[in-house]
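A.B. asks: Spelled out from the first residue to the last, the chains are:
There are 2 protein chains.
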Amino acid sequence: MSDAIVFHFDFSSPYSYIASEVIDALAGKYGREIDWRPVLLGAVFQKTGQPLLVNVPLKGEYSLRDFARSARYHGVPFAFPAKFPLSTVAAARAYYWLAGQDRGKARAFAQAAFRAYWVEGRDISEAAVLEEIAAGLGIDTAALAAGLASPLVKERLRAETDGAIAAGMCGAPFFIVDSEPFWGADRLPQIEKWLQDGGF
Amino acid sequence: MSDAIVFHFDFSSPYSYIASEVIDALAGKYGREIDWRPVLLGAVFQKTGQPLLVNVPLKGEYSLRDFARSARYHGVPFAFPAKFPLSTVAAARAYYWLAGQDRGKARAFAQAAFRAYWVEGRDISEAAVLEEIAAGLGIDTAALAAGLASPLVKERLRAETDGAIAAGMCGAPFFIVDSEPFWGADRLPQIEKWLQDGGF
Numbered sequence: 110m111s112d113a114i115v116f117h118f119d120f121s122s123p124y125s126y127i128a129s130e131v132i133d134a135l136a137g138k139y140g141r142e143i144d145w146r147p148v149l150l151g152a153v154f155q156k157t158g159q160p161l162l163v164n165v166p167l168k169g170e171y172s173l174r175d176f177a178r179s180a181r182y183h184g185v186p187f188a189f190p191a192k193f194p195l196s197t198v199a200a201a202r203a204y205y206w207l208a209g210q211d212r213g214k215a216r217a218f219a220q221a222a223f224r225a226y227w228v229e230g231r232d233i234s235e236a237a238v239l240e241e242i243a244a245g246l247g248i249d250t251a252a253l254a255a256g257l258a259s260p261l262v263k264e265r266l267r268a269e270t271d272g273a274i275a276a277g278m279c280g281a282p283f284f285i286v287d288s289e290p291f292w293g294a295d296r297l298p299q300i301e302k303w304l305q306d307g308g309f
Numbered sequence: 110m111s112d113a114i115v116f117h118f119d120f121s122s123p124y125s126y127i128a129s130e131v132i133d134a135l136a137g138k139y140g141r142e143i144d145w146r147p148v149l150l151g152a153v154f155q156k157t158g159q160p161l162l163v164n165v166p167l168k169g170e171y172s173l174r175d176f177a178r179s180a181r182y183h184g185v186p187f188a189f190p191a192k193f194p195l196s197t198v199a200a201a202r203a204y205y206w207l208a209g210q211d212r213g214k215a216r217a218f219a220q221a222a223f224r225a226y227w228v229e230g231r232d233i234s235e236a237a238v239l240e241e242i243a244a245g246l247g248i249d250t251a252a253l254a255a256g257l258a259s260p261l262v263k264e265r266l267r268a269e270t271d272g273a274i275a276a277g278m279c280g281a282p283f284f285i286v287d288s289e290p291f292w293g294a295d296r297l298p299q300i301e302k303w304l305q306d307g308g309f
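The listed protein sequences correspond, in order, to chains A and B.
Those letters in the first sequence? Residues 110 to 309, by this note's numbering.
Those letters in the second sequence? Residues 110 to 309, by this note's numbering.
When chains are identical, the list treats them as one kind, so a pair holds in a single copy or across two.
DSS-like cross-link-like pairs, simulated, lysine-lysine; straight-line CA separation at most 30 Å:
# : residue 1 : residue 2
1 : 156       : 263
2 : 302       : 138
3 : 156       : 192
4 : 263       : 214
5 : 214       : 138
6 : 192       : 214
7 : 263       : 192
Hints listed in this document are in silico derivations from the structure and should not be mistaken for laboratory results.
All chains, full assembly: derive it from the sequences and hints.
C.D. replies: Here it is in structure tokens:
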């Protein structure tokens, strides 16, 4: 099996959510795994100097339509949340704390957090909501709460965000396949061709 | 046959060029035609307040890689031109002048102008280059030169640009299929599903 595909994302990115629902199955067809790596997209926006897509004239209105249509295209449930954007610091830290103990559980948590926000509209910036999601997966919520405050976990999220930007991350989702960067859920067909042909 | 698909584009947009090479065949599979409508993308940028993609930190470097890779993905020849961006006012006016007489010839001219710029790197902002392209298609270049100065043609390009923005154009290429807007060459798969299923 070749190297895992790196999947940089932010829990508040709708196209990241859509990609999260389909990327493992796509990679699995070619014997590849996905290395899920949440980051803070706000740090990317600071580098690019770009505003939030939904706030850009013309693009904002189009993007709301495109989020929902892209979800339908991929057969993924979707409802634009009442609270947008929101802080994903706690969710990302929770992911890395879990990943330090059980990568499978961390992955299940990420998927559950994405769905809680992008399907059920729950406020995943709140520790209480994250703890409920974790409890549903059999995770010790007291240990999680302690883990979120750990300097190691905070440092890990900073390092992951800096590393993604150093690797060229200019938006979310951002994939790295055999050193080749792909930005956007709409690059999934190109990723599939890359995996099929070993590059193109 | 249902209504034609509107294809708003700018000759200086690389993703418009890529789409221009494949959109007619895609639409033809579903018995649809393409209504080619060049506009001035600069007017869209003025509305969105967005800079040129290649000048955005991180996105600029990525986009140059993505233009070439997207062209390879679609099997379309591509070479990023030495002069970029450039004025496409004359090329767009030439298109509408031709369209007023012979839509097939206008379409052939558009395709030739796209290739002259995105494959051969020729400076299509220059009237002499446009006349050479036109001559190659058997077009009367003296009449074309006179046509470019026609107030009617100038007004047509202004109206087309304003109309595209009024229809929500937020970038190029911008397609309208049965009142549904699609932005980007990367929305071709969604357009195909729309044509196949009659919406989704």
